[in-house]
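Undergrad: Construct the entire structure; sequences and hints are all you get.
Given next are the chains, with one letter for each unit.
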Amino acid sequence: MEYFLIIISAIFVNNIVLAQFLGICPFLGVSNKLSTATGMSGAVCFVITLATLVTYLINKFLLVPLHIEFLQTIAFILVIAALVQMVEIVLKKTSPSLYSALGIFLPLITTNCAVLGVALNVVTKQFTFGGEAHFLNLGESLVYAFATSLGYGLAMIIFAGIREHLSLSEVPKSFKGVPIALVTVGILAMAFMGFSGMVK
Amino acid sequence: MAAKSSLINMVAVLSLTCLLCSAILGGAYALTKEPIEKAAADKTSRSIALVVPEFDSLSEEKAATLDGKEYKYYEALKGDAPVGYAIVSSAGGFGGDIVLMVGIDTAGVVCNTSVLSHSETPGLGAKCTSDEGFMAQWKGFDPSVKILSVKKDGGDVDAITASTITSRAYTEAVKTAVEVFKSLRDEQ
Amino acid sequence: MSSKARLILDGFVKNNPTFVLLLGMCPTLATTTSAVNGLSMGLATLFVLVLSNMAISAIAPIVPDKVHIPVYIVVIATFVTLLQLLMQAYTPAVYETLGLFIPLIVVNCIVLGRAEAFASRNGVIASAADGLGVGLGFTLALTVLGAVREILGSGSIFGWKFISGDGMLAFVMAPGAFICLGYLMVLFNKYLKKE
Numbered sequence: 001m002e003y004f005l006i007i008i009s010a011i012f013v014n015n016i017v018l019a020q021f022l023g024i025c026p027f028l029g030v031s032n033k034l035s036t037a038t039g040m041s042g043a044v045c046f047v048i049t050l051a052t053l054v055t056y057l058i059n060k061f062l063l064v065p066l067h068i069e070f071l072q073t074i075a076f077i078l079v080i081a082a083l084v085q086m087v088e089i090v091l092k093k094t095s096p097s098l099y100s101a102l103g104i105f106l107p108l109i110t111t112n113c114a115v116l117g118v119a120l121n122v123v124t125k126q127f128t129f130g131g132e133a134h135f136l137n138l139g140e141s142l143v144y145a146f147a148t149s150l151g152y153g154l155a156m157i158i159f160a161g162i163r164e165h166l167s168l169s170e171v172p173k174s175f176k177g178v179p180i181a182l183v184t185v186g187i188l189a190m191a192f193m194g195f196s197g198m199v200k
Numbered sequence: 001m002a003a004k005s006s007l008i009n010m011v012a013v014l015s016l017t018c019l020l021c022s023a024i025l026g027g028a029y030a031l032t033k034e035p036i037e038k039a040a041a042d043k044t045s046r047s048i049a050l051v052v053p054e055f056d057s058l059s060e061e062k063a064a065t066l067d068g069k070e071y072k073y074y075e076a077l078k079g080d081a082p083v084g085y086a087i088v089s090s091a092g093g094f095g096g097d098i099v100l101m102v103g104i105d106t107a108g109v110v111c112n113t114s115v116l117s118h119s120e121t122p123g124l125g126a127k128c129t130s131d132e133g134f135m136a137q138w139k140g141f142d143p144s145v146k147i148l149s150v151k152k153d154g155g156d157v158d159a160i161t162a163s164t165i166t167s168r169a170y171t172e173a174v175k176t177a178v179e180v181f182k183s184l185r186d187e188q
Numbered sequence: 001m002s003s004k005a006r007l008i009l010d011g012f013v014k015n016n017p018t019f020v021l022l023l024g025m026c027p028t029l030a031t032t033t034s035a036v037n038g039l040s041m042g043l044a045t046l047f048v049l050v051l052s053n054m055a056i057s058a059i060a061p062i063v064p065d066k067v068h069i070p071v072y073i074v075v076i077a078t079f080v081t082l083l084q085l086l087m088q089a090y091t092p093a094v095y096e097t098l099g100l101f102i103p104l105i106v107v108n109c110i111v112l113g114r115a116e117a118f119a120s121r122n123g124v125i126a127s128a129a130d131g132l133g134v135g136l137g138f139t140l141a142l143t144v145l146g147a148v149r150e151i152l153g154s155g156s157i158f159g160w161k162f163i164s165g166d167g168m169l170a171f172v173m174a175p176g177a178f179i180c181l182g183y184l185m186v187l188f189n190k191y192l193k194k195e
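Protein chains in written order, with our numbering: chain W, 1 to 200; chain R, 1 to 188; chain P, 1 to 195.
No false leads were mixed into what you were given.
Below, a list of computed lysine to any residue pairs in the SDA-like style, where the Cα atoms sit at most 20 angstroms apart:
no.	chain 1	residue 1	chain 2	residue 2
1	P	LYS66	W	LEU108
2	R	LYS43	P	TYR90
3	R	LYS175	R	ALA107
4	W	LYS173	P	LEU192
5	P	LYS161	R	GLU132
6	R	LYS33	W	ILE68
7	P	LYS66	W	LEU78
8	R	LYS175	R	ASP156
9	W	LYS176	P	LEU192
10	R	LYS72	R	ASP186
11	R	LYS43	P	VAL94
The following label-pair restraints were derived from C-beta to C-beta distances:
no.	chain 1	residue 1	chain 2	residue 2	range
12	W	GLU170	R	ILE8	51 to 61 angstroms
13	W	ILE68	R	VAL145	49 to 59 angstroms
14	P	ASP10	R	VAL99	43 to 53 angstroms
15	P	GLY113	R	ALA49	40 to 50 angstroms
16	P	LEU187	R	GLU70	51 to 61 angstroms
17	W	SER196	R	GLY108	32 to 42 angstroms
18	P	LEU43	R	CYS18	24 to 34 angstroms
19	W	ILE158	R	ASP67	39 to 49 angstroms
20	W	LEU66	P	GLY165	49 to 59 angstroms
21	R	ALA162	W	LEU66	47 to 57 angstroms
One side only, chain W facing chain P, incomplete, derived with CB under 7 angstroms:
no.	residue
22	THR73
23	THR111
24	CYS113
25	LEU116
26	LEU182
27	ALA189
Because the hints were derived from the structure by calculation, they are not lab data.
Note that CB positions come from ideal geometry on N, CA and C, so glycine has one too.
TA: Structure, rendered in structure tokens:
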């Protein structure tokens, strides 16, 4: 039951883009076409889940025992950067087709604040899913990270779909490009607000 | 511009940077440790002062157990005699937990409440920290005379307009604090 | 106009990080629920930007090309952690409001972007000026966006309330952030941006 609540909460209620404002740059940057949006979502999904696993373990078995939690930011960003590089190399060697689909997005992910944001959230924030406020354990963290990235993909793909249509319609000159996209996201965010309060 | 890369200077520069940076941060951490702890302690004592009757000194943080759950509380002392208790309690609101500091005097009357943290909707549930009518009703709320639930549910608590869930949670948290107080009183 | 002043001014209009370069969108949208919050986030970023720009321009000549990104990230993360510690110690209330977005300055594309594009190939003083200009441009954009959202959403400005009752609440919530920024960008494009 609790896992179910985590999933619903992370995908819909606290959608990472539309409610938490994380990962906006790539969200606006690569959502012009449905195909690239899908590729980016896949890459983000993969990296967020993997990065959360690694940073969770590093925090629990290295930073906390040594009482150097204040180095979380610096340690996590280095781990994420190294991880992204490694994923890139491994993919290139083992699965050229996947690499050609996700490859160009991977370098962009290091500076996607969604990855660092989720990693930091998991270790610093207490969550309430129906019960007591508590820090997530490893299993919950992974489910949370995966569901959050699914939420990212959902927002991204819906938005790319809208944008493909939008590019065919006529908009005033000053609205062209990003401004109209932002207003559209605003309306999308309003729709997602309907989910708030669903999971307590 | 940049130096040519060789394995030796890459490793050297990277490890040197990391070493230097961690040294700087270690130093900064040692220097700011005390102010950070003081800032946190100040925040707690400020919210305690807001909710209990006038006092000379505060007890250390203590813990009380009620129905298997632990609650933090502080005793406000005048001379050696306690004049009130500041109890930390929480309940699930609309957007997440509402955490309250509830001040109760020795007679069991609520003196005041203050919100330690919440994640309610701005302008609706978040008014539990600004709505004067809602906040003022807790001053001198006597749970032995009045009923601790919102008017909609047949109690005596005025809810915040359009934020029944928040008001219910707030009331629930105060109720918990009153229960904690009762168990403390029974112990003595 | 001297070249340093020119550099600072460029950050405001021609290279405005928010309205023109579209960098650092996450904190821009997330922390501008009021003018004061926007201003604090802007100043926090300014602090990191100036210091990391200076440090990076000083060490750039000795950093091997292949590892320059990790080295820059470590330097930036150091200043961000320093800022975190200082804020926790001396402005805990502000730190609590801005929350996650303080550590996330590390991945703010503005900071790494300026390090790459400017600080790595210019002197320390010029880099400081560039950091100051871009930082101020960012701060200005955040404060303006925060002020607009506060006026519309809460009916107040810098905490001073000029109407009784509520504003249009949607503007302090998530949708208002996107919509306000979109419309501000339209105004910026129409009146300030010169081809």
